[in-house]
Structures are given as structure tokens and as C-alpha cells.
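Protein chains in written order, with my numbering: chain A, 1 to 360; chain B, 1 to 235; chain C, 1 to 207; chain D, 1 to 632.
Quick caveat, the hints were computed from the structure, so don't treat them as lab data.
On a predicted model such as this, the values are computed, not experimentally measured, just so you know.
Warning: the hint list may mix true and false statements.
Stated by the list, open to error - DSBU-like mimics (lysine-lysine), calculated; alpha carbons at most 30 Å apart, straight line:
| id | chain 1 | residue 1 | chain 2 | residue 2 |
| --- | --- | --- | --- | --- |
| 1 | A | 83 | D | 549 |
| 2 | A | 83 | D | 498 |
| 3 | A | 83 | D | 429 |
| 4 | D | 500 | D | 429 |
As the list claims (entries may be wrong) - Derived coverage of chain D by chain C (criterion: at least 3 residues anywhere in the stretch with Cβ under 8 Å from a Cβ of chain C; other residues may be distant):
| id | segment |
| --- | --- |
| 5 | 221-233 |
| 6 | 240-250 |
The beta carbon of each residue, even a glycine, is placed where N, CA and C say it ideally should be.
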Amino acid sequence: MVRLPSFRSCCIVSLLIGVVLLVACNSSSPQSTFDAAGPVAREQLRLFWVIFWAAMIVFALVMAVLIYSMIRFRRRSVDDLPKQVHGNTALEVVWTVVPIILLIGIGIMTVRTLFALDTPPSSDPLRVEVWAHQWWFEAAYPDYSITTANEIYIPVDRDVSVKLQSTDVLHSFWVPKLAGKTDVVPGRVNKQWFRAEEEGVFYGQCAEFCGTAHALMKFRVIAVSEPEFNLWLDQQRLPVMAPTDLAATGASVFNAKGCIVCHSVGGPDSNEIRESRNAAFFAGQMVSHGPNLTHFGSRDVFAGAILEVNEENLKNWLKDPEGLKPGNRMSSLAGAFNDPALELTKSDIDALVAYLLSLE
Amino acid sequence: MSSDHKNGQHGASIPAYMLVALILIVVTALEVGIFYLDVVGELLVIIMIGLSIMKFGLVVGYFMHLKFEAPLFTYFFLGGLLLAISISLAFLTLFTNFDIGEPNVAQIAPATPTPYPTPTVVMVPVESASNIVSEGVVDTLVGGEGIFVGKGCAGCHSIDGLDGAVGQVGPNLTNIGTVAGTRISGVNAREYIENSIMNPSDFIVDGFAPVMPELMGSFKEGEFKELVDYLESLE
Amino acid sequence: MAITSENQEHTSTGLSNRKLLMWTFLGSECLFFGSLIATHMVNRNEAAFVHGLSPACLLDIPITSMSTFVLLMSSVAMVLAVAAAYRFDVKQQRLWLLMTASLGIIFLGFQAYEFQTFVNEGLTIGTNLFGSTFFTLTGFHGAHVTLGVVWIFIMFILTYIKPDATSNPLNTDIAGLYWHFVDIVWIVIFTVIYLIGSYGLDCGHVG
Amino acid sequence: MVTTTKGMWGGVIAKRPIAPTGVLGWLFTIDHKRIGILYGVTAFILFLLGGIEALLIRLQLTSANADIISPELYNQLFTMHGTTMIFMVIMPMSAAFFNFIVPLMIGARDVAFPRLNAFSYWTFLFGAILMNVSFLAGGAPAVGWFAYSPLTSIQFSLGSGVDFWILGLLVLGVASLAAGFNFIVTIVNMRAPGMSMMRLPIFIWMTLVVNFLIILAFPIITVALILLLFDRQFGTTFFEVTSGGDPLLWQHLFWAFGHPEVYILILPAMGIVSEVIPVFSKKPLFGYSTMVLAGILIGFMGWGVWSHHMFTVGLGPTANAAFSLTTMFIAVPTGIKIFNWLGTMWGGSISFTTPMLFAIGFIAMFTIGGMSGVMHAVAPSDFQQSDTYFVVAHIHYVLFGGALFGVFSGIYYWWPKITGKILNEMLGKISFWLFFIGMNLTFFPMHFVGLDGMPRRIYTYSEGMGWDLWNAVSTVGVFVIGLGILVFMQNVWYTRRKGKQAGSDPWDGRTLEWSIPSPPPEYNFVEIPNVDGRDAFWSQKYFEGPDGKPTKIVEENAPIKTHSDDHDIHLPTPSYYPVLVALGVTLIAAGLLSHLFFSVTGGVLTFVSVLGWALEPPTAPADDGDHRAGAY
């Protein structure tokens, strides 16, 4: 019985070790919130640390009193009857007022940060429109007439203002190293802004449960230098080239097997198309379309950013999309995967892959 | 049976009830009168709420005897009532005042559905790339057949004897020129074909999924007529 | 709610258990109708009235004023029934119970007429948000009225066939509390939906 | 019509079950103690079910890209795990204690409405069955326990899983509401003479607050569920964006209920802990009045914070700031409670029995949960944490380390009173440490993976995210918890066979339930006690000297009265109607899922049974036979 408290304090010590690990363990994670790469995430992290240490102090205090009481006031004999203390008004007032003061401090910081981070400081941020679909993110650059999917290129050191909309259920747009999450709510336009202060690939993931493949709804934000970004813009606006050889066969397969019903390859969607799609959605038309594939070959990832774009992955994907991403809309809706007459043969897949990779 | 009701005298007297009833009737009449006379303008909402609180209070206080009962009943009831009012007001505030900048898009949705221009074959921004599909791949087909295959119709619809037209997503169109005239009485084949391309979702044949995209935005000059001509000819 | 008949000879507060239960239940019901009314109020935007069916052209204030009047009168009848019960005047009690139930049925008749009219005009529960919230809110109120009518009518019958069950004035009193509550909910609905609800809206031309 | 029907069931078809025995005795019982046991056993079975669901979830997450269960099943499992643990385990576990303990503590012979009490239990049981039948009927709901619209719409959740969820929760809600009214009236009206409100044991106070929260919060979820049901079945458009509805309305309604619900879950545990700590510290509760006030404040403030579950939905900085502040300040009354428990232990004479260990574990774990709660209250920081495993860690520290530790503390504490035998201390301590270690092993690493960016409710994750190690540790931890549960069950089995008799007062208790035999006789108290202060039973045993030191009153040591003079005690008689009404209500719901015929049958059954119930006197007339002498 006497040994119990020391065992307990071992546990407490291991908890504290855990806290140290918490500080130490995170650098390898691509979605770590401890590794802020921009002002928004950094401010949020700063506030986190403030509360974290405040909480640690209070926690240590509570644990110290608890453990001390357990050791000091453990029962030593059956007849040991302590003084019957019913309360202490002064003490109770103290432990009511002190937390209030502490919380007022945290409250002030919270409110200031909330308003400070509400809008981007720059008057001319890069505008990106994100549409969340089950289960992939579509990104459009309204100022450049560019549509892409699952990856968002941004120039480094420039504010990015993201407009968030959904065509089906709730999603949440979250790039932990750049900013906290913002839900994507059908029927509402939500906004978020962030700035990347270093070049790199930042992982993002949908954070609001959105159905079967919620776990596989990822995306990437790729921050590049200003010139590189401009190159990328130019490349995304290149006209579509007529395919040749195997790719040409692939293009005809693309049409004949009905891929074209859901996927555009004729160029990025214009603002008008997106707006009318928006209007149609709210007018009750069921919109089911897949990513715009016009410049598919230039992308690094596909299928909700769970697969790298390469020949092998594409072939596997076209062979068995359901196996790679259970529940996805393509495998449940597309004729090519449901209708024996439209089934993709091996040569179809080879040709399609060649075609898709040629779309640069 | 309970001791507190033994003495029988409970609540107000009959004349008092009658007086309350009279007031209730007068107030209701007053409400309707104010509503129709429309003399108070913006104040209407406040006056109505005030009057209904008055009615509410009279019924609760006199008819439900709350005025004469133990205060505990009042606390229990009023607690629920005030909580309900607070939550309702909080809802109203949250739904009206705290929207940030952008309005709820649902509110600006047009009342009549706008056709949904599919992303499929529309090529607005890149003029030079127009129709690569039909030019690059199916250059052997021209006219209506070329449009049929080039627009991707063949991906979903089959036409016997037309290469590439093997799709099973939509109905077989081999005899559409004949069939179309029989589907809706009073609509001839040509009208039916035209309308079903213009408003695909209104013309879904039983057993097929409503997935046909809206194509009207993608036709170049004359293409639509050419396509309809072609389909009508399939008898 | 069940008509519970547990009677305690003695309680800590001196208040009847059943009466306390009924008042607690009514406090709880406030939240039920509060949530429904809040749902109606937050949906009072233009999107609620798509398809041109807005409260401004559908709601018939004179008819509803009549039905409101009927429900108020039923409350008066109920109060007289309770008073009679406490005087152990069974004849009066029967009369006013029957009157209350009948007025309740007339109110339900008004409501059925109103629903029918709306459906004829093209507004059903699925037409637009106004239809959804209107039918749900008034429908649940109507369900409460129906339950009250059944309750009071059964009590009326029981005065004949099982007088010992109804001789306790508390039974009538508690039924009365429920009935009056249904009445005050209607007072709120009449104000919020009918009198204020269509304020500032044109008939049918929205968006 | 009414006449004949009444005549039939009044006399011919069903003679009132005066003193049924065996299974029928349990089926028609209206004894609060038996109903409490039924609640506890049922909730424990559902606890095992929810635990198996959790085990499967953890197995799937052990390593990256695991393929143990399909995503569809995974989504059903976490939805049902949450729903089960919240509505069908913690709430009924608390209800078990409300039932068994409340009348004993306030010196009453039963609750205010014994038949309504039986109705609550059966409705809860049938609702739980209805909800879980969904696994067999084409798939459980797969939408998360807060079922955010529009994923729940017919368009995105085709099967009947969501309908099962809606109707199951509606039925469970009826059970909770009925129990809520009952306990409020019981506590307000059934106290023993002299037991003023400020002399009530703190557990009773917390019960009162919880039941107020239940009766005020459940109507809101009822409305939300009805709206959702209408959307799915009758074509309304409350949450349909395409027709002008707003999915956020669901979130507001759900959390306006959901946050008070959190306190419905935790306050009973706080009440239990507040009873356990004084007993094993041999000191009265420190700062009784502030404890009461803090409990009421928590219950009250819980209504003004719901949108902190919605910081990321885009309410804007003003609303977020407002809800941040209200949320933070709930930490104040919560802190008061923790400090007062410490104050109770301070200067006491603490014995580390199993219930005390669970109570101390509660303080430590709940403090961690409370701390992460304050972190969530800070909206900008919550933008990163919301919907991640950090939140999962938080909720489990509050609900497992908090609510369940409290419940287990109560189980070990009151087991001797309920069964007459004391649970084995050695096995109890082993199970406590397994619980404690397992719980920290499982849930503490979730803080890490959450802050390292792992969203909740994902059925798989890829390698290289830095989440592998801690997920593996979590899975190990869940097995340790499982072992703890097995040891607990072994303890129950062992105690049943070989456990030592507890006597009426094994812990030297302070409250009235320890003044009567264990297990208590059906009528609880031979004579309703007269109460002249807080800790009513303690003051019968001890005399507090001028220096505050208690002295044992000899000879007056809890005299147990003989059963000889109990013949004049009239108790309510068992009844068929509660279980029939519960069946009817459930049939109405089940019919909406299958065939309207069942709904109509259920409606008729409900109507007839309610009428029968209303006309049936609570206690059968004495000439119907002798009321159960002892045996029942």
C-alpha cells in the first residue's frame, strides 16, 4: 500500500517524459503543426505554446498537491481520524480568482489573434478558388483561367487567399504547416489565407469526415519561387496539342469509353463555366464530374494525391480504381468500370496512359 | 388528494377568468387590426411581440394558476422558457449577423435552373485547341457522324454500324429517328431529339442513369443542326 | 405523457409529484417548440420561398384569427372545467371538458382546412423551406392538440364510467396545464409565423 | 369502445402481477434497485460491444496502410463506437447509479414514479437494440457520432443506417427524458425529513443538475433528428443546400444539445468522486457550497458554448471570439471542483482502496482532459487541433479517464451495497492499474499524432507521415485496457462465488445508504430517517469535538433494525404497462424502418397501455393478497 504512490509518481514522470517527446518527435512528420512554414501557422503555434505552458504549470501544481497529499496524508492506522475541515472561504476565493485572471490573459491573446489572422495583410493576394469534392480537391486560379486538381502551386512569400466551396458534403481544407483548417461548407463560401515563407511541398488533407474515402482525400501545396511560378502558369495555359501515335489511340479510347463524360481535356475551365456550375449546383442539378485532365501530365500526384503520377500507378489505377481508393466516384459511376461493353482492355489502358501522360 | 389542494380554492375566481378571457379576445382583435391597418410600420414586430407576451403571461399566470402557485413551478417553467428564448435568439444572431463578407450563396441562387455547361467539351480559353479531339482522332468521319463521335456521344450511346459508337451508358440510338417520334405523344421525332439534347435531364429513358451532360454550350455554328439531322436520319 | 397516477401522501416541498412532473415537462417542451420556432426563424430568408410560394400570399390571417379565437376559448372552457373539478361539481366538469375537447376539434378542423388550402395552392412539406418549416412546426403543434383532445375526451368519458378515477381534481388540473400550454404555444406561433412572419414580404415575387 | 377494452384488461386478460418471481419478476419490476441493476448490466454489455468496436478500430490503425477491415466497416465502427459509448454506456451507467443510489441517499423508499422508471429502462433497452440491429440490417450508420449534414442526406447515405441511428436515438431520448423528469421530482420531492437542499449529498446535487440538462437538451436533439428524418423520408429541405437549407443548422442544433450532453456525461462521475474521496479521506467534502455552486454553474454555462465545436466552419472572428471566451470560463468552476477535491484529501487519512484509486485517477486524468479542453477553447489554436487525433485524445481523457473512471469508482464503491459482497481488493487494484496504464498508453500518444497532423476518422494512413510509432503504441494500450476489463469481470465472478460479506457499512460511509443492510430490503428504510445535517449517517456514528476531531459514538454504531416491523410498508406494485408502452414506442419507430403495419400496431399498443397505466392505481389494493413479504 505504501509503495503505491511511488509507482504513481513513476507514471507521472513517464507522462512528463512524454511531454518532452512531444516536443522532440515531430520534425519528421510532413503534416506536423509544430513546423510552421508561414505566418498564420506560426501565430497559431505561438498561441498553442503559451497555453501549453500555462496548462503545464497548472497541471504540475495539481499533480504536486495530489501526490504530496497521497504520501503525506496516507492512512497510518485505522483509528487515525483527521480533523473535520469543512472548507476555507479565503482559499476557495483564491482558486476561483486566480484562474479567472489567467483566463482573462489568455482570452485577450485569443481575441487579438483571431482578428489579426482574419484577413491577409496584402491587398493583392494570389486568389485561388478551391472546390472540394468527394474525395478530391479542385483548385482554380480565377485570374489566370487555370484549373488543376489535388495540387496547388503558389509563389513563395506572397499572401494566398483561398475561397472554399463544396459541391457535395462537408470537407475541411487543411495544410498544417501553413494554416489551421477551415471547413468547406456546401451553401457557403469560406475563406482562408496563408503565406509560405519557404519553398517546398506542403501536405494537406481533408479533416472533416466526408464519407468512405475520407482518409484518401489529400492534396499538396507546392510553394515555388516567383519565376518558377510564372513558368508554371505559362505552361498551364499552353494550348492543347493534338496527340500522336499511341496517345492518339488513347484519345479515341478516352472518348469511346465515356471518360470524356466526366473529365475535361479541352482546356482549363473558364470562370464562366465554374460560375454556371455553381449556379447549377444550387439549382439542384446533381453535378458529377472528375478532375480536369487538360494538363494532367504536368502533375505530380493524382487520385486525391494518394498516388504519384507515373505509368505504373496509372495502369494500376485504371485497372482497379476501387481497390486503390475504395468508394471513389469513378469506379461506381463510370461506364468503363460498370458496363461490360465499355470495359477497358489491357491495350485500352496502355493507350489511355500514354494519352494521359502526353497531356502536359 | 394532496394536502395542498384540500382547501379547494384554487386560482382565481370565475369572474376573474372571464375578465382574462375578455382581455385575450380584445388583444387578439387588436393584433389583427394592427396587422391590417398597417399604420405602425417598422414598429409592427415590436408591438406584436409585446402583445403576444401579454397574452402569454395572462394564460400562464391566470389559466395555469402560476400566479397563485408555489414559486418552484414558476422557476421550472420559466427556466425552460428563458433558455429556449435565449437559444432561439442566439441562433438568429448566428445566422444573420456573423456572416463574414460573402453572403450565403444559397440565398443568391437563381430561382430557375440554369443549364449546366459541362466541363467536358467546352474549350473557352484556348481557341487554338478547339476540337482537337474530332480533328486529331476521328478525321475519317465527317458531318453528323463526326460530331456524334467527336462530342463524345459515342462514349455512351451505341449506333450499329458506326465505329466507336459502342457506349452502353445511354440508350442505343440505331433507330432513333423512328423511336423518337413514339416516345411522347404530340412530340415528333425531330422535336424530341432536339429537346433531349437541350435538356437531357428531362428526357431520361427508364432504366438509364441521368448522367448525360449538357452540350449546348459546345456546339459551333451549325453543328447542332447537323447532329440532329444525322440522328433523325437513323430510322 | 402518460397520465401517471402515483400519489404520494407526503412530499418534501408539499407540492404534488405529478404537478411538479407536468411543470418540468412543460419546461422541457419549451425547448422542443423553441427549437422548431428557431428553425423557422433562421430559415426566413429568400431561399425559403423559392417556387413563388411565400407566406405573404398563402397565410390567411382572418381564418387563423378565428382559429386562434377558438383555441383561446377552449382554454377558457378548460379553466372552468378545472374550477368545477375543485368544487366537485361533476356536471359542470363534464360540460366544460366536453366543450374544451369540442373547441379543440374545431381548431384542428381549421388547421386541416388550412393545410388543404396550402396543398391546393401548391405548397407541400417538400416544396420549399417555408413549406418544410411551416408544416413541421404547425404539424407538431397540431399533434399536441390532438393528443390533448384525446386526453380530455377520455377524461370526459371516465367521469361517467369510472368516476373514482376522475374525482381527484388534480387529474383535471394537470390535463388543463397541458392544454393551456398548447394554447400558449399557439399564441407564439400565431405571432411569429402569421403576424410577423409575412411582414415585409411581397406575395410570391422573390429572388 | 373504451369501456369494453378497459374492462378486458382491467380484469380478465391481465391480472396485475402482484408478486412475480424469476424472469417475470425482473420484467415487471418497478423497484428502483432492480431497475438500477438492469441498467448497469445492460450498459456493461453494451460497454463490451463498444469496446470490441474500439478494438477493431485500433487494430486497423496499428500500422500504415493496414487492411484488416474495409473502409465502409471502419466508418460504421467509429460511428457506432461513439454513439454506443455516449448514449448507451456512460449515460445508462450513470442512470444505474441514479436509480440505485438516489432514493437510498435521500432516505426514500422509491423514486417518485416507479412505473415511469421501469418504462425508462425498457425504452432504453429497446432503443439500444434497435440501434444495433442496423449492423444486421444492411449496415450501421457511417456518418460519425455527430452525423454532420449533408453526409446524412438520402443522397449521400443511401442505406437505412442513418434512419436506424435517427430512430434509435429518438427512442433513447424518450428513455432519457422520462428518467430525467422522474429524478428531478424524486430529488425535489422525496427527500427524508430534515434533508434540505443544502444537506443533499453532492452526488444528488450533480444528479439533479444532470437531469435538468437532460430534460432541457434532449428536446433540441429530438427536433434535429425529426428534421433530419423528414429530410430523408418526407422530402423536406431543412439541410438541403440545393433547396436553400443550411447544413450548419444541423451543427447548431446538434451542439446546442451536444455540449450540455458532455456535462450530462461528466457531472455524475464528478458526483461519485465527490462521495468517494471524503469517505476514504475520512473528511467531509471541502467547500460543499462552492461544489454545489460550481456544479450548477457548469450546467448553466454549458449552454453558452456550443459553437466551440464549430470554430472552423467559418462563423467569423466575432462569433468565434465570443464562444472562445465563454468556453474558457467554464474552466473556472471545473477548476474549483478539482481544487476542492484536493482540499478534501489534504489533511485527511487517505486509504487507497480501489474506489479511491479510481477517484484519484479521475482527478489526474480529468485534469489532463480539462487542460486540452482549454487549448481547444483558444480558437486560433483549435484551428489546428479541431478534427484531429488531439481532439480524440481530449474526449477520451474526459470520457474514459473522467466519466468511466468515475463510474468504475462508483461500481467498486457501491458494489457491496448493491450485492452485499465486497469486490476483491487485489483484483480491483490490478484492474485499476491496467486501466490506468492502458488508458494513458492508448490515448496519450493521440495528442502527438494529432498535433502531427493526423485527422480523426481516417481508416488508413500512408507511411512516412510520422504517425506509425504512436499508433502502434495506442493499439498496445487498448489491449491493456481490455485486460483490465477482463480482470474486472474475473473479479465480479470471483466475488460472486467467494467474495466476503460486506456488512451494511464496509467503508465507514457518510451517507444514508450505508445505514441500511446490504443489499437493501425492498422497502429500503424500515423507518424513514430524520436528517439533521450533511453527511447524515456519519453524524449518527461520530461526534465532532470542539477541535474538529471526531469521536466514535459507541453502542450507537449503525443499529440495523430487524425485518419484523415492515408489514405496514406499502410499496407500489409491479406492473405490465411500463414494458408494454416501451415496446409500443419502439415498435412505432421500428415500423418507420420496415413496415408501417408495425408502427400502427405500436401506436395502438402504446395508446392502450398508457390508458391502462393511467387507470391502474400505483399500489394494488391490500385485499389483492399480501404484499410480497421478503421473497420477491
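Hints breached by this structure:
Going through the list in order, the structure violates hint 2 alone and respects the others.
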